[in-house]
Structures are given as structure tokens and as C-alpha cells.
Amino acid sequence: MSLTKSDLELRAQLWNTATDRIREFFRSREYIEVVTPIVVRSPGMEPNLSPLAVEVHTDGPNAHSTRMGLITSPEYSMKKLLGGGLEKIFTLAPVFRDREMPGQRWNIEFTMLEWYSQGKDYRYLMTETGELMNAVLGRNDEWLRVSYVDEFEKVFGFVPHDEDRLRLIECCSKFNVAEPSADEPVHEIIDRLFQTIIWPAIVTKGRFMLCEYPLPCASLSKSSPDGRYAERFEAFVGELEMCNGFTELTDAVEQRRRFVLEGEERRLAKKEVFPIDEGLLAALPSLRSPTCGNALGVDRLVMLLAGANDIDSVHLFPPSSRY
Amino acid sequence: MASPNDIKKGTVINMNGDLWVVTSFQRVSPGKGSSFVRTRIKSLVTGKVVENNFKSAETLTFEQVNNRKMQFIFGDADSLTFMDGQTFDQVQLSRDMVGDDAAYLKEGLDVNIIMHGEKAISIELPLKIQYVITETEPATKGNTASGNVLKDAKVDNGLMIRVPIFVNQGDNVLVNTETGDYVERVAK
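Order-wise, the sequence lines are chains A and B.
Using our numbering, read the first sequence as starting at 232 and increasing by one per residue.
Using our numbering, read the second sequence as starting at 185 and increasing by one per residue.
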């Protein structure tokens, strides 16, 4: 069954409105829009993501084939541009994540808005993110801030770090949360405790930014000066996660350590391990500290604009029936 | 052995010998963290409802259940009655067991009744159901820039939904039964 003309027009208009407003917002703040590669050698190391791998064949005298992947986020290329001296950049990029379940809130391919600003940190970024979403949605909402480590400490009595595995296991048994297996990474135990015990009370807050993650859940964010938390946040509208923002890690040594750990986690999970992006590590030391960056799912923003609960409702080609 | 990623509405999970039926589920993948399946499950013994998060990597035991295609025939304050169109067998389910799905039922609608042995435990609705709009404001042209996109509408079984403002009374529309979203207008 194909959509009627009025449904097609509405969906196209929703995307036009969202992308026009995004571009207006960043241009008025002197960000430069950039275009970054989609097919890359190092599509991402995150243990829970599955990049789509492709075989690329170049022609000509140097004809050869290369195992590459479609980006799960334009992050690595964006940071190379920052290393090259660009101060404030944004991009609207198609990104690809295999092994997602199309429909509801997910799709195999979606549109990512990423932006970076040198000289600014995650607190500034939280304010800017709220302003951006309000501008796109034509609203004037307060975005409540909720500190992950503060909430965790209130309930469990401590701020978790890598060496707290035993205490975390004790918490699981005390709070009746399923016991971790021997190989479950610390960040997953923390997140499971948080999701099971703390999350149900937080999710009722409506529009909020969950910030200041435990260090084992830092991802590519920088540690706070006192080592209490990672300077990371995610914005939520109820259950719907909108973005993932950081004060970016600019320490190439620490970044390499995390890539190696993540590669190892991928190997254990029998996932393809793509090569570490050496160009990214080479660019990191040239970034100013702090530098902040955020990745926001545009499809979900369009869902909010449309008042839709299902990603299918905002696409001209609904994802759940495409694969 | 099954994975939490295989959970659907109506799946019956055996946890240490106790049987729980999944009444709703949502996959949660916190950005660059591990993923979960957040479920609301109901005990088949006590009727108690709890929330439970399953790690995607966990292994679960599902109970064998059977689907029986039946038509919804009527509901009263406490229960809902369905009939097998071939054998004229009827089954009843309490409104409590069916939960929010009851709002989507209309007379004659085909649904799957999920049977555990001889017991009806849950229903599975079609993902999309067609309704006729019975009440809504007159249609106007949409304007996404002013945020003027949706309006309230009532459909032929009394369900209230939100529809785009170009939709008219008398239009046929499809509604997503997982989210309550308007899906599309059906061409006449």
C-alpha cells in the first residue's frame, strides 16, 4: 500500500521544517556545515554497534579492493577537521547501524546531526542542545538536568569506578538485580543497576538531560578534573533518547587505550574488529581543551515535531517494511 | 533457549519455574552502552505485574504457546469475548489480562488469541487496524512550520487518536496498535 499524497506531503514538509531550522540555528551561531565521508576504513569501535561492512573496489592502474564500513557516526571525520583547525562545525549525515530492529525508534540507516565547538564544555553544550531542540520544535521547554553519579550515589552509596566490580555485584544481590556473568564488563553492570533501580523514577520527568556518567561509561568523553564522573550527557524525552554529547576526550594515549579495550570487547563478542583510526589519534592532540561535541538523531527530532511515537510515521519509505 | 531480542507481546517466559507473559516491551540501547529489553510482565499465577530488564546477552526459556485466530465479538465491564469463526468456540479474557490493547478492539476484528495449553492468556492485535473517523474538526491544510500538524479525532469504536489536520470525518485511516499513532489515510 502506498501513502496518499497528503501523507507524503506532510512527511516531506516535516523533514524540510526540521532541517531548515537546524541549519538556521547553527548558521546564526557561526557554525560551518561540512560534508564527511560515509564509507571509511574505521567505521567505529563501540562494542554494542555493528557497522555495515562493504568491499570497495577501485579501478585504474592501482586497482585494488579494501574492506571498509559505512559510518555509525561521522565523529572521527569531524574530529579530524577540528584537528585541522576548524573551530565550530556541524553536519547532517546518513549513518548506518546493522542489527537494529527497524520500526518504533530504530532504523538501520538514519540521519545524524553532529556538531562540535572548540573551547566549550559539556555544560555549555547542554544549554545549546536544549536551545536547538526548542528552536526546531517551536517550543520553550525547560530541560531538567539529572546527574547520573549523584543519583547512583544516593541509592547505592558510592560513585562507581572500574575497580568497584565486587561492590557492584553486592549491589545486584542486595537490590535483587540479576547477577552479572563473569565476563560482563563493569560499565554494563553499572548501567543495568541504574536502568533497573533508578531509571523508572527519572523517566517520569519528561524532558531531561541525564549527565555526568560514571567513568566506566565514559565512551569518548573526558573525565571531570576530580575524577568523579565523565563529562557526558544524553537528552531524553521520556524513554526516547535524543542525543549523546561530551566534553571530548583529547588525550590520544587515553583514547588509544579505550579503543584497544573496545576492540577486545568486540573480539570477545565475535564482532568484526575494524582497524583503529590512526588519523583520528594523530588529530586529537591539536584539539583545544575543552572541546564539546554532540550527536543527535534527526529522525527522532522529526518524530517529536510530528507528535509521532513510531519512526515509520515520519518516513516516506517506512523502515519497518523495507528490510 | 531464547534471547531477550526475540521477546514479543504475548511471549511466555519461564523464570525459575514461574510463568510470566510479556504485556509490553521496549528495546533500550543507551547511547554507546549496552542494550536491554525493558519489559512489563504479568505473572500467570498471581496476575501481578512487574517491570523487568533483560540484558540482550541473557539466555531465557520461553514456554510453548499457541496462537488461535478468533474474532472479537463483545466486551462488558470486566471481560472480553472472542469466537472461533469455524468452530464457534468462544473464549473469554479479563480486561486486566488484555490491558491497553482492549481500546483497539472492534466488533468482528480478527486477533490472535495466545493459548498456553487450554488457557487463553493474552491477545495479539494486528499491527495496523483500519478505522473510520467519526468525529474531528473540519480538515485544513497542514503547516509544519507553525507546529500545526495534529488534531484530535474519534474513530468508529470510540478510540481517540491524533491525526494530521488534513484528515476528514468519514476518512478511513490506519492506526498502529503498538504506539497508538495514526499511520496513514487509506485511499478510497
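FYI, nobody ran anything at the bench for these hints, they're computed from the structure.
These numbers come from a predicted model, not from an experiment.
Accuracy of the hints is not assured; some may be wrong.
Pulled from the structure, derived: some chain A residues nowhere near chain B, Cβ distances all over 10 angstroms [what the hints assert, rightly or not]:
#	residue
1	TYR262
2	ARG423
3	GLU470
In the DSS-like style, the derived pairs of lysine-lysine whose C-alpha atoms are separated by at most 30 angstroms in a straight line are [as the list claims (entries may be wrong)]:
#	chain 1	residue 1	chain 2	residue 2
4	B	LYS192	A	LYS436
5	B	LYS193	B	LYS325
6	B	LYS253	B	LYS303
7	A	LYS501	B	LYS192
8	A	LYS405	A	LYS385
9	B	LYS232	A	LYS502
10	A	LYS236	B	LYS192
11	B	LYS372	A	LYS236
12	B	LYS335	A	LYS236
13	B	LYS338	A	LYS236
14	A	LYS385	B	LYS232
15	B	LYS290	A	LYS236
Ideal Cβ placement from N, Cα and C applies to all residues, glycine included.
Hints, verified against the model:
no.: 1; hint: TYR262; result: holds (22 angstroms)
no.: 2; hint: ARG423; result: violated (6 angstroms)
no.: 3; hint: GLU470; result: violated (7 angstroms)
no.: 4; hint: B:LYS192 / A:LYS436; result: holds (27 angstroms)
no.: 5; hint: B:LYS193 / B:LYS325; result: violated (37 angstroms)
no.: 6; hint: B:LYS253 / B:LYS303; result: holds (14 angstroms)
no.: 7; hint: A:LYS501 / B:LYS192; result: holds (26 angstroms)
no.: 8; hint: A:LYS405 / A:LYS385; result: holds (15 angstroms)
no.: 9; hint: B:LYS232 / A:LYS502; result: violated (39 angstroms)
no.: 10; hint: A:LYS236 / B:LYS192; result: violated (33 angstroms)
no.: 11; hint: B:LYS372 / A:LYS236; result: holds (13 angstroms)
no.: 12; hint: B:LYS335 / A:LYS236; result: holds (19 angstroms)
no.: 13; hint: B:LYS338 / A:LYS236; result: holds (23 angstroms)
no.: 14; hint: A:LYS385 / B:LYS232; result: holds (29 angstroms)
no.: 15; hint: B:LYS290 / A:LYS236; result: holds (28 angstroms)
Hint violations for this structure: numbers 2, 3, 5, 9, 10, all remaining hints satisfied.
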